[in-house]
Structures are given as C-alpha cells and as structure tokens.
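*Asks:* Protein chains in written order, with the numbering used here: chain X, 1 to 322; chain V, 1001 to 1514; chain A, 2001 to 2162.
Just so you know, the hints here were simulated from the structure itself, not pulled from any lab data. Where is the CB? At the ideal position from N, CA and C, for every residue including glycine. Among the hints, erroneous ones may be present.
[Said to hold, decoys possible] Some chain A residues judged to face chain V by a derived CB distance under 7 Å, without partners named:
#, residue
1, 2045
2, 2100
3, 2104
This is what each chain is made of:
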Amino acid sequence: MIFKELIKIIIYGTLVVLFISVNALFLVWAERRVSARIQLRRGPIHVGWQGLLQTVADAVKLISKELVLPKEADRFLYILAPMLVFAPLLSAFLVLPLAQNVVIRDLNIGFLFIFSLTNITFIGIFIAGWSSNNKYALLGSMRAVAQNISYEIPLLLSTMGVVLLTGTLKMSELVPAQAKGWFLFTQPVAFLIFLCSSLAEANRAPFDIPEAESELVAGFHTEYSGMRFALFFLGEYTAIFISSAIAAALFLGGWQGPLLPGLVWFLIKTYGIIFIVMWIRWTFPRLRSDQLMALAWKVLIPLAMVNVFVTALVLELQKILA
Amino acid sequence: MTETLVAQDEIQSVARQCLAQGYFLESFTAVDFAECIELVYHFNHWGPCQRSCVKVLVPKNGGSPGAWSTPSISSIYKSANWFEREIHEFFGVTFAGHPNLKRLLLPESSEIFPLLKSFKGEPKGADVTQSLKLMQEDTREFKTQEAVSLTQKNKDYYLNLGPQHPSTHGVLRVLLHLAGERVLAGEPIIGYSHRHHEKMMEIQTYLGCWPNMGRLDYVGAMSYNMGYALLAEKAMGLVPTPRAEHIRVLMTELNRVSSHLLWMGTFLLDLGAFTPFFYCFDDREKILDILEMATGERLTYDYFRFGGVDRDIPAEFAPAIKDFIPEFKKRLRDYDKLIRQNIIFEKRTKGLGILTKENALAYGVTGPSLRAAGVAQDLRRDEPYSLYPTLDFQVPTSTDSDAYSRYWVRFREMEESLKIISQLVDKIPAGETKLARIPKNFPKGEYYSACESARGTFGMYLVSDGTLNPYRFHLRTPSFSNLNAIVDMLPGCVVSDVVAILGSIDIVLPEIDR
Amino acid sequence: MNYLKEIFRGFWSLLVGMEVTIRYFFKKPVTVIYPRERLPIKRFKGPIAFVVDEKSKDHLCIACNACIKICPSRCMSLEIGKSAADGKRVLTDFKVNYMLCSLCSLCIDVCPTDALKHAEGDYDMVSLTQKELVMDLLEPFEKRGTPLTKIPLAPQTPAAAK
C-alpha cells in the first residue's frame, strides 16, 4: 500500500516537474512572441520551428552559467531563496482539475490550499532580497511583501462569490457547477478582481514593482545568476499558469466544452487567460507602490466585499422567492 | 545685446537686480587672458529676447591657479552652482561663498586646469598609469560615501542610482538620500562621459568644429548644427542660400520630432511601459531614413556648412516626407490613446516633479520643461532666426508644470513641428546649396548666438583672436541647466518617481558632460 | 458615485489602450531579418575612398595636402615621391585611419580636384584587427592592373623619401 502510494507520488511528481519546465519554456517563448508582435517585431524565429527551441537554448545557457555568490550575502538564505520560491508552486498542481476525474488529490479545501501554499513563495522572495545584501534587492523584496499581503485579501474575497454560489471549495465540484453557465457571466466583477489580484500576486506588469527593472535594476533577484535566476523565472511563469488555471476553473467552466477532450479545453482556456495577461503586460505602464496599495485597499477590496454581499443577497432572495 | 563690465564685488548686487527683473542666467563661462580671467555672464529674459552680457575681470596678480578668487553668485542663481564648479575646475578660479566647490566634470582627484592657456599637458587619455591612479582615487572617494551599510540601524541610507542603471539615460549618477523608499535629498553627479569638446575645439580649425556639433547631443544633432551655422553666419556676415535655408529648417524640425519620439519612448520605458518605446522607434526610424537620404548619416549629423548644407537633397526627399506626415498623424492618435488617456500614466505623472516658475528662473531651465511651467519661451519665436519668422506655428504651453504637462507639451510640439514641415516641404526653392566662397576664420571679436534645440536653449559663446583656431568656445547646453533643477524636484517623492522625473525633463548626458 | 465613475473611467481607459495594442498585434512586423534581408541604402557615408577617373582609370589626387590639413581627427596621411619618368611629384601612399575618421566629409569638400568621395559600399563593415581599418586608398588601383597602377618611383634615396 505504502509502496503503491510512493510510486504514485514519484510518477505524479515527475510529471508535474516535467510539465512545469515544458510549460515555462513554452510560456517564455509565447511571451516573447506575443510581445514581439504587439511591438511590431518578430521575436525569436531562428532556433527550431518558429523559434520554439529558443528558450531551450537560453535554458542551456543559464545552466552553464556561473552561480555568482556575492561576498557580503547571507550564504545559506541566499541559496535557499530560489528553492523556496519554486518548490511550493509544485504543490499547487495537486488540486488542479485538469480534466474530468483527473485531479491528483481532490482535497475538500480546494483552491484555498493552493493560495495558502503558493504564498510561501513570497517568503522566498523576501529572503532573496534580504540575503543579497543589495539595496535595490531589499527595496524590491520590501515592495513584494507589502504587495502580497494587500492583494491576498481581494484575491480570496473575489472567489467567495463563486463559493457562495456552489457551496463548496472542492475544485472537482466547482467545475461541474458551471455546466449551465460560466461564473464569468454571473460573477463578472469577481472575475476582473481575481484577474487583477492574481496579476499582482504573480508580480506581473503593471504590478511588477518588486522587480521593476527601470527603477530597481532587477528588484529582488538583482544579484542572482545562472540557474538560481532561472528558478525565479520558472517560478514566475508557473505562478502565472497556476493563477490562470484557477481562473479558468473557477470562472470559465474548467474542462467543460464540446467535442474536444477535457484536458484540451482546460488548456485552451488557461492559455487564453495567459494571453490576456501578456496582452495587459505589454500595454500598460507600471503602477507606483503606493498607488498599488491604494488600488487594493480603496478599489478592489470594497468592490469584492460588495460583490460578496450582493451575491449573498441575491441567493437569499432566490431562496425566499422559491 | 548690452554689455557691461562690473567690478568683482559688485557682481552679487548686479545678479540680485537681474533676478529681481526676471532675468535668468543663460550662460556663464570664463576666458583666460594673459593678465586676468574674464568671467562672462549672459542673462536672458523670458519672452522677447533681451540678452545682456555682464563681464567680471579676475586679476591673476601672478598667482597660481586656485589662488584667484571672486564672489560667488550661487546663492542668488541656483544654476550658477554648476557653472561655477565648472569654471573652478577648468580655470582654477575660486568662488568665495560657493557651498560645494568640487570638481564637476573631471575626476575628483585630478589636478589640472585644462582650459588655461598655460596648460600644455597632452591629453592624459593615453597615459594608462595616470588613468589607473585617478580611478583608484575615485574608488576611495566612493567608499566613504557608501559607509552606511544595510545592517546599521539607521532609518535613512544612501543609494547610488547609477552610473550603471537602466533608466539614467546614459551614465548619470544620482546620489539619493533615502528613508525607506522616500527620497530626502538627491544630487545628480555628472561627468562620466566628459570629452571636453570645448578644449577639443580650441585646437581645431573653425571648419573642423563641425563634427563636434553632431556629437554633443546625438539625439537632436541638427539643432546643434543649426546653432553653429547661425553663429558663423552672424560672425562672418554670410547669408545662406534660400534652398539651404529651407533644407536646414526641414532637417531641424524632422530631427526635433525624432528627438521627442526617442524621449517619449524612453520616458514610457521609465514608467514601465515597453510597447510605446517600439512604436516610437518605428516612427523614429522612418524619420532617420528620410534624414539619411539627404545626409548619409543616421545619428551624429554634420550636415550644415557655413552658408549652406553639405550635400543637396535627393529628388525622393520631399515625397518621402509627404508620405510620412499622414502616417505619423495617425500614429499620434494611437499614442494619445495608449499613453495620455491611460489612467496609470495619468496617475503616475500628474502632480509629479513640480517645477515652479521661481525655480525655473533660478535654475535657468529652458525648452519644453519651461514651457510646461506656463512660460511661452521659445527662441524660434523670441529671437527669430532662419526661416522661422515666416512660418506659422504655435508655442505649446501648459500650466501644471508637472511630468504630465511636460509630456503634453512635447507631444504638441511634435504636431507643431509637423505643421512647419508640411508648410515647407512643397516650397523648397531650386538653387545652390552652398556658397561659392566662405572665409576660413572668424573675424576677431566675441560672438554669442543661441537657437532652440529639442531640449531648450543651445547657446554658443565664441572668442576669436583672428587666427585659424577659436580662442575660446563655450557651449551652453540646455540639459546642463535643466538637470540641475531636479535637485528641488526630488525631495519627498519615492524611488519610482525619481526615474519618472529624470525621464520627464529629457536629458542627454553627452550634451551635459560635453 | 464619483468614486464609481472614476473606477469606470480608469477601466475604460485601460480597454482603450488594449484596443491599440491588439490592433498592432495583427499588423505586419516592421523589422527585417537582417543578415538575410537587407534594406536598401539611399545615401551612405562610407569610408573615404578615391574617385576613379573615367578617362584615365586613375585617381585624381595631386598630393596637395589640403585634406590632411583640414581633417579634424587627423586620420589621414600621404606620402609624396618623384616619378621616375618625368620627375613630377606623385602620390606614393595615401592612408586613412578609419578608426579615427569621424566621417565629416570636410576632406571631400576641400579637395581641389574632387579626388575623394565616400565609398558607396556595404554598411556592415567589420574587421577583426585594427590594422584592417587603416585603409590604403591606393590599394584598388594597384589591384586592377591598369597602366597607371604601379606608380613608377624614382630610386629611393633618403632625401627623396622625405
């Protein structure tokens, strides 16, 4: 029994790690192509078909690079930080409903589990900035922590509307509940808030203030090089994938769709959202840190609360009327 | 232009009077003569040009450089701070009462006064051991400024923004005194790309100064060509041919648009938006293609000549411009949608980096940054030169004097430049582009002329002793004064705003460092 | 109400911006895959070269030193020898140090015989050594093997070389 479990863990673990790497490589390529086309450029086209292997070449380069350890850095924490950023993201794949009945562990706390675990990455980011002993890195990590704490609230509040509608946190039950209509249509405000906060959680532009390269050089990972830097990079793209996947599952009906198999539908929706995320990144300027806070506390949280309230009100009214 | 000679100890009261009457210190330099150092102050007035030149003689009395002293006016005119430091390091004049009389452009540790005629040293560039020594001394200096480490429990600390930083537009160092992210004080430190064009031109013939003009402000080099051409024609009494005159204005205005486009792209890059940068560069490339058609160069133009231009324009030049204008007008609408209407851009720039009129006057700010503060000062209008008096164009101004209005002023300036271009493009007269005979050197005397570059007033002060080389050639570059003005804009903002303010005043470092 | 209006205005402005970028997303890229595709050059200030005279197939330089004198970067040098045939002064060496040249075309302006021009060649010059960038302007004339290529020199005496 234990042996069987162990095999299962190893197989799933390998698959997840494999998927993460391939997915990140693909997403980096996609990001570069999308940004290039938006900016009237061509992007990578030379290595492999349509430049698909460009990111593989970059990864090889990063692996072969020297791992620089700054003299004044806190050695232990400095080495620990990239792992701390990357590892928790693996766990999120446990509960993602990739297709009908394809969930590694269908936990009854569902996506709450994802949010609670992926937040460990921010401790990693803070440690990275702190241990580098670099002022830019420290500023970046300070911003990251403030940003994360603020945006956690609207992120969770926005999902509460969906939870109220379905009465469950289980991912496998949330998706079938949308058979009649996507929650995007019943909860549009929640979707926008969710998208906005998950952008902030993933440090994506226009909320990329922790790594704002025109201000803080590279933010919290200024001092990192080689594979350690690549882990941050991998982590960022995995985080985007995860939040887009949750958005697809919560608001766009997950794996449901005609003709094509569930997994394909799920990936189409996820990558669709990722495209929007990229589109947003390459359109807007960056917010300032205090404006970022103001957006969270003055706009997103009140709106999310109103959304929860209205949803609850409508549900109660429906009950009374029925 | 009025010229007055005042005594050394009277200059402060003269400066105070000038400031009270609304004059700003446009240019301030020195000339080395055998018995004395002559300090030359050029004051100018906003609005219709009323330039007045004030001179002070600092006697040498047989002393060595560094011993010559004169009162400082840096407490009256803030822009004099850097001017006086520059004169101090190049001429060895000590300004009594200057708060911070350090070297400005040369390394802190250098001991030469290169603009003195007695300075016979070869350029030290080839001397590797000397350069290494200077560099080591600089690092020693650097470390003392870095003393506050992160582990100390101080709430405030120092941050060196630059010289290697993505958004300092070249090699500029801004020493920031921070508390958390809040800026307590900031000081720009310049000189990293100093090449000493002024000294370089003293050993050149007058024609040989042309290449220097293209390399001062590599973004808007045509205006600098225009400035030198104006100076030479004023001194020699030449009248350029009508065809050359038309080509010159066309080139300058096209270059102004391309300069503003580059500024717009990099400003948005500082704010974190990448895409407008590429659109701007796309348009800029088209302009550069047109300029290349005539000049054969893409960046460091030296196209103008005394009384004309280097080569005639090709036949496809005017059609190319006519194709470009409607296309660009369409693009301007997209910029407006993408940038100015955007809420994030608005929030980031409105109310940021306020330049009050008093500060603008004290710092001698010119160009779009001044016009954004509500002063319609534009030399094309106030001191008309070339074809500008005959052209129909507006001087866009804005009243908020923040980063947003600086953007808005430059944006409308592009439209105005387009208007000028479309007025001229059909009317290029046929004829010669060069004068048959031009004198080799300037007649003996002093000349000052200024023109409106993309960043502000570009002034040139030239002393000619009638020989083949300039005796003294001073360049008053607009960004030099404009950059100094950020000292008063920085306190109170956060680190993100520092790059936005730096971006909004539009600096080109090689032009500041010269 | 103003609060909601402000939020809506901001949101709308974001959509307006996104409309612009998606429009550009479907436009044709403006970049050129450089080594494979090339843009035509309309006018190009290449390195300084000699004009080849139509009739004599030779250069027009009379070794008057005007270009050397005016060159602001002092990047040109020439040597004068005496032709063995008629004892006239001829050009024996003309070098331009392209590393120093600022391409100001003042030498072209000043030349009394219009012997100099900017080479209208490729714009992607590259060299692996500094030596390659010191250009011998007489080189093409020797290569082509026309009658006047090898300039007949008087026997080199130390005095004549100077």
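*Asks:* Each of the hints needs a verdict: does it hold here or not?
*Replies:* Now the hints, each set against the structure:
1. Nearest Cβ of chain V to the Cβ of residue 2045/A: about 4 Å, under the 7 Å cut. The hint holds.
2. For residue 2100/A, the suggested interface contact is broken, since its CB lies about 11 Å from the closest CB of chain V, more than 7 Å.
3. At its closest, the beta carbon of residue 2104/A sits 4 Å from a beta carbon of chain V; the interface hint therefore holds under the 7 Å criterion.
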